[in-house]
Each structure stands twice: as C-alpha cells, then as structure tokens.
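Residue numbers (my numbering), protein chains in the order written: chain A, -16 to 346; chain B, -16 to 346.
Warning: the hint list may mix true and false statements.
Chain copies aren't distinguished; within one or between two, either way the pair holds.
Only pairs whose alpha carbons sit at most 25 Å apart, straight line, appear in this in silico SDA-like list of lysine to any residue [unchecked claim]:
id, residue 1, residue 2
1, 334, 278
2, 334, 281
3, 340, 280
4, 340, 113
5, 334, 29
6, 340, 296
7, 334, 8
8, 340, 124
9, 334, 260
10, 334, 109
11, 334, 293
12, 334, 280
13, 334, 6
14, 340, 8
Think of the hints as simulated: they come from the structure by calculation, not from any bench.
There are 2 protein chains.
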Amino acid sequence: MTLQHVRVVGTGLIGTSVGLALRANGIRVSLHDPSPTAQALARDLGAGELDVVDEPDLVVVAAPPDVVAGVVVDELNRWSAAMVTDVASVKERVLTEVAASADPAMLPRYVGSHPMAGRERSGAVAAQADLFEGRTWVICPAAQSAPAAVDLVQRLASVCGAATVTMPADDHDLAVASVSHVPQLAASLVAGRLRDISDEAIALSGQGVRDVTRIAASDPMLWTQILSWNARAIAPVVDVLAQELQRVSEALQELGEESSPAEGARGVLARAIADGQLGHARIPGKHGAAPTAYGTLLVIVPDEPGALGRLFNDMGDAGINLEDLRLEHGMGAQVGIAEVSVLPAVVERLKSVLEDKGWSVHE
Amino acid sequence: MTLQHVRVVGTGLIGTSVGLALRANGIRVSLHDPSPTAQALARDLGAGELDVVDEPDLVVVAAPPDVVAGVVVDELNRWSAAMVTDVASVKERVLTEVAASADPAMLPRYVGSHPMAGRERSGAVAAQADLFEGRTWVICPAAQSAPAAVDLVQRLASVCGAATVTMPADDHDLAVASVSHVPQLAASLVAGRLRDISDEAIALSGQGVRDVTRIAASDPMLWTQILSWNARAIAPVVDVLAQELQRVSEALQELGEESSPAEGARGVLARAIADGQLGHARIPGKHGAAPTAYGTLLVIVPDEPGALGRLFNDMGDAGINLEDLRLEHGMGAQVGIAEVSVLPAVVERLKSVLEDKGWSVHE
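Working from the sequences, and respecting the hints, build out all of it.
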C-alpha cells in the first residue's frame, strides 16, 4: 500500500501542519473541517484541496478530543478501504469509544497515534510544515489494527520528519500522565501560588522557578480537556503525589514549631529530595539517547547589543558543536551568564579559544 | 568606613568565592575554617591568607545553617569594631538566635544577608571569583543593625558584582519560600514519580518535564537543611498547595470514573491551570525588569558538528542582540529546534537574514 493521498479532517494547528508537511513532500492532501472558514484558511495556506470525493489511502482525524471518536467512526463508514488514524493526545478512551460504536469488520482499518508536538498558539495560522521534525510520533495499535494501517501511519510520521515509537494505548496514556500531564499540573499549581505574593518577593525569582513554571503559560482550555480525558491515568499518579505532599506539609509544620520536631520530620524532606534526584537522573538526553555527561563552561556576557552574537561568533570560529545552552540573568545587573554544554573532550579547547578572545570563562 | 580587610569564616563554595572576588579587586582577605584542610585549600586557590590576627572591617560568616548563628556571635565577641554578616539562605532564624545569645551592645554590628547564587557542585574547588556577578544579594537589616554595617555589606556585594536588595528577614524568608523552596520541593516530588515508570514511558520525556524537574538534581543534604530551617515560612505555602492538589486529585478521580462526573470537577482543573497562567505572568523578565514580550523565531538545526556554531555566526553577522535562547531536541531524530528570542522590532530582519543564509525559520 502506498501513501499517495491523505485526507485530513480538522484543520487546526496539527491537521494543517500535517497537510503542509505532506504537500511539501509531493503527497496529495484533501482537507475537511466542519467550519467552512477554517478549511478555506487551511487551503489558502497551501495545506491541501477541498471538496475531494476520491477515496484517500489514509485519513488523519485531527479533531478536538471530545468529538474525535465520532469522526473516526464516520470516516471508517464513509470509505471502503482507507485506513484511519487520529492524533489526539489521549489514546485509550478514543480506542474504546471507536470499538464500541464502529462495525467490528472496520476496526482493522483504525489505528490511533499521537505526534508529540504542539505550540502555545493554536489554529491553522500557527501551522508549520516542520512542526513534527525531530519529534516523536507514538503509534498505538489495537489488537484488531491491521499491519497495513500501522505501516501507513509510520510512513506518515516519517514523511513529516518524526521518529515513531509503538506502544499499547494504555501504556501511552500512563506514560504521558507521568512525563507530561502531571508535570503540567505541578507547574500550574506552583505558579498559582505566585499570584498573591508581594512585588518584592516575585522580584527575587531566579532561573529555578522560571524553569519549573514555564509550561504554566499554556492554554487552560486545551489543558482542561487533556487532563479530563486522561483523568483515569493521571488520577493515581496525582493521588500518590498528593499523599507525599501532605506528608511533606506535616513534616514542615512539625519542623516550623518551636518545640523539638519528631525525629522523622527531617527524614521525610531528605527522602523527597533524594527520590527526586533519582527520578530526574532517568530522563534521557537529547534525541532520546541515554543521558550524556556534557562538559559545561560558564561565560560572563555583558548585556549590550551584539554581545551574545560575538560570543556565538567566537564559538562558531572554534568549530565546536554546542550541545546545549542556557542563559541566566541576575536581577538588576547588566550582565548575564551563558552556560555552554559541549562534549567533555572539547571543553579545554573551547575554554582557551574563548579566553584568547577576551571572554571571562569558568568551568 | 572603608572595606580594606575582610575575614571569611567558612571556606566552602560561597566563602571561597567571596574571597576570590575580593582578592581580584585588591581587597585583603583573611580566611578561617574549622577544617585545616579546607582552609589550606582555599588559601592555595588564592582566596586569602591564614592565621591573621589583625581586626578586619567586615566578617563574612559562610558556615552551614546549623552552626551559623553561633559563629556570628563568636565573631562579634572576638572583635571590638568589625561588622559581621552571614550568607545563609534563611535569615530570620539566624537573626533570632544571634539576638538571643549575643550581648545587645554588639547587635548594631550584625546584619544578615543572602547572595542568591549557588552551584550544583560544592566546596572550595567549585568556587569562582565571579559567582555573584549579575546575581542579587539580599540584605536584611534588623532594627538594631547600624547603617555602617548595612553600608559595608552593600560594598561587599558591589565589589562581588552583585546587585543589592534590602528587605526585612521575615519578608526574605517568605519570598524565597515561594520563589525558591516550594518550586524545589515540587520539582523533586514530580521527579520522584519518574523513578518507577517504564523505560518506554520515560523515553517520551520532552522539554516540559525536563524544565519542571531540572532543579531536582540538586544536593539532598543542602536542601534538607534549607527546607528544615525555613520550615515556618514554607509550611503555609505547602499546606495550601497540598489542599489544592488534593482537590485536583479528587476531581481527577471523579472524572476518571465511568459514571458522569460531578459538575465542578472539570472546573477545578480549569481553575488550577488558569491560576497558574496568572501567577506565571508575574515573573519578571531578565535583569529584574518587567516581563518583556520578545519576538520568537524557531530555527531548525541539523545535529551535525558546527551547525549551531554556523547559526550563531549568522545571527552575529546580522548584528542583532539575542535576548534568550532555548534548544529543544526530539527523541530519536537528528535535528534540534532553536527557539530564538529577540526584540519584536528586529524579528522580521533576523528572519530574512537567516532565510537568506539557508536556514529553515518559523515564527
């Protein structure tokens, strides 16, 4: 089976981006959205054609979570041979609803998937042909899914520049609960505690709280839907988290009182921090590889036009591949600190190159 | 009063860095540490002299939290006119203990402070003369503190390259509870939940969970002490957080059940996310300024030696000041995405410059 014609249903950020990526690779795309305005916009952006009646090889359902299962079933009914996938960020509930309402003979043609890409902006105007480049596209075959359906979604992901991972729907939902949905909740709750503190207090914010709360800027509507839909997978994780936080809260209350605290109170805090260190160490490095111990240099950067540009010029001249970079800014001072990560073997060379060019560099 | 001779008691990361910074600015530094090995190492690193009996202008106590108040009182007793500050990251408890055990006539010579700088590595070997450059140094004068004492600590911070902020000790402790200690706890607890998930699940980790849990890599010993010492200020914040998480947990459990959930469950989630958005928006931009709306470009970067260097070269050629930069890496794919923040007025020019040089650039 070939991937020559893809139908995209739902022309928001994800659907339109899929259309753009496929068109850029010479694949025919037909578009449909219940909103005539939305589908016309996607067409005008070059994501595909409208009002196509030919049967596609693959249908990509990129509808909001609360209607996605119904649209999948409609598309299975509409075509006799086309494979159908959806791209919702929660998978088991879609599968259950599709299996409950579709003709069982049609189920081999359906396989759920989840491209792990998004933006803070939504809608077709925010779409990008390369939205999926370098991202992971999870495929969740059901027992009934035909190998040909899985194969077509793998080709779709590949054309879009994404790497595929295959796992059961319930495993996917458990995984994103821990690595995406619970961190989102924690970031939002911690950020929520910043609403009522004084201006003087918020002014002391450093890089730590910035990192912890960055994703708290995300869209409340979208996240309320995602959290509601994956509630069954998230609830047990949040339940344990809530119990642990309650224990920490009680330990802090004991420690905050004048009288000598119970022996275990300090141990509760120590264990929470130590467990976090162990969990954090499991997160893989870039490109899904095992964590790599990079060498790090700290470079002092004056806050003046072109200063960072000069630094990057000088690093480029050294011909060294930068693996990661973090900028830190202190409050009320006109310098920043660039934390430059490179492979350990080139740390010394980069340091001497930068120092020769007059930079203040520290390991 | 002049700052010509500073005595540093406690030659770990902070004390040794203070010594290095002062020496680099031609100020005499005498060092003392209860560990002969530690103080000899700091001297060998060039942080100051040992066994000095001359009275200093200022004593900087950089001892562990659990002994700092006792050392402050010893130093007040030892000298007749020297001002004394400590650099512990929790301030009210030190002040209370000092006031309780020092001769009241000596209290004008003491003022607590807190340079907001640190590293994941500890000890004199990790010390840097510029550890405080661009950072905030909080000064917490007590009612009894003499203006001359405050003045000397301001000069100390200034020589070290830090910007000073003055606030009462209890305000400081409340502020760091919300903007530093509670985020640390949340990061550690979320990271702790990653210990037991499958390898397949942890492999789906993206930039969100990386950012939320970055500071979970910090030293458990140090953080247990800090959290214990500031327990009184942290406890009420964590108590509210625990109650909110409990409400979210109950809402998720309701939503996860088959039967139709109570009306308010979805609202609990929506409010948590929306409140987080409001709190996050209060965090100031770099250098303590009000948050600036930067323009952002996304640049696709192949993972090959020199690719980022070339990008930085090309940005430098454009003469545009980069305000912030974030690198994102997808799993299993050989490209990364650089999120480049610049002033809104230069976004279009930077985009066209980079596109002319062949980069794939997106707004």
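So, going through the hints one by one against the coordinates:
1. 334 <-> 278: within (11 Å within a copy, 31 Å between copies)
2. 334 <-> 281: Answer is within: at 9 Å inside a copy they meet the 25 Å cutoff, but 28 Å across does not.
3. 340 <-> 280: within (15 Å within a copy, 28 Å between copies)
4. 340 <-> 113: between (37 Å within a copy, 18 Å between copies)
5. 334 <-> 29: between (47 Å within a copy, 21 Å between copies)
6. 340 <-> 296: Answer is both; intra-copy 11 Å and inter-copy 15 Å each pass.
7. 334 <-> 8: between (43 Å within a copy, 23 Å between copies)
8. 340 <-> 124: Classified as neither; 55 Å inside a copy, 42 Å across copies.
9. 334 <-> 260: neither (29 Å within a copy, 40 Å between copies)
10. 334 <-> 109: between (40 Å within a copy, 16 Å between copies)
11. 334 <-> 293: both (15 Å within a copy, 19 Å between copies)
12. 334 <-> 280: within (7 Å within a copy, 29 Å between copies)
13. 334 <-> 6: between (45 Å within a copy, 23 Å between copies)
14. 340 <-> 8: Only across copies: residue 340 and residue 8 sit 22 Å apart there, 44 Å inside one copy, limit 25 Å.
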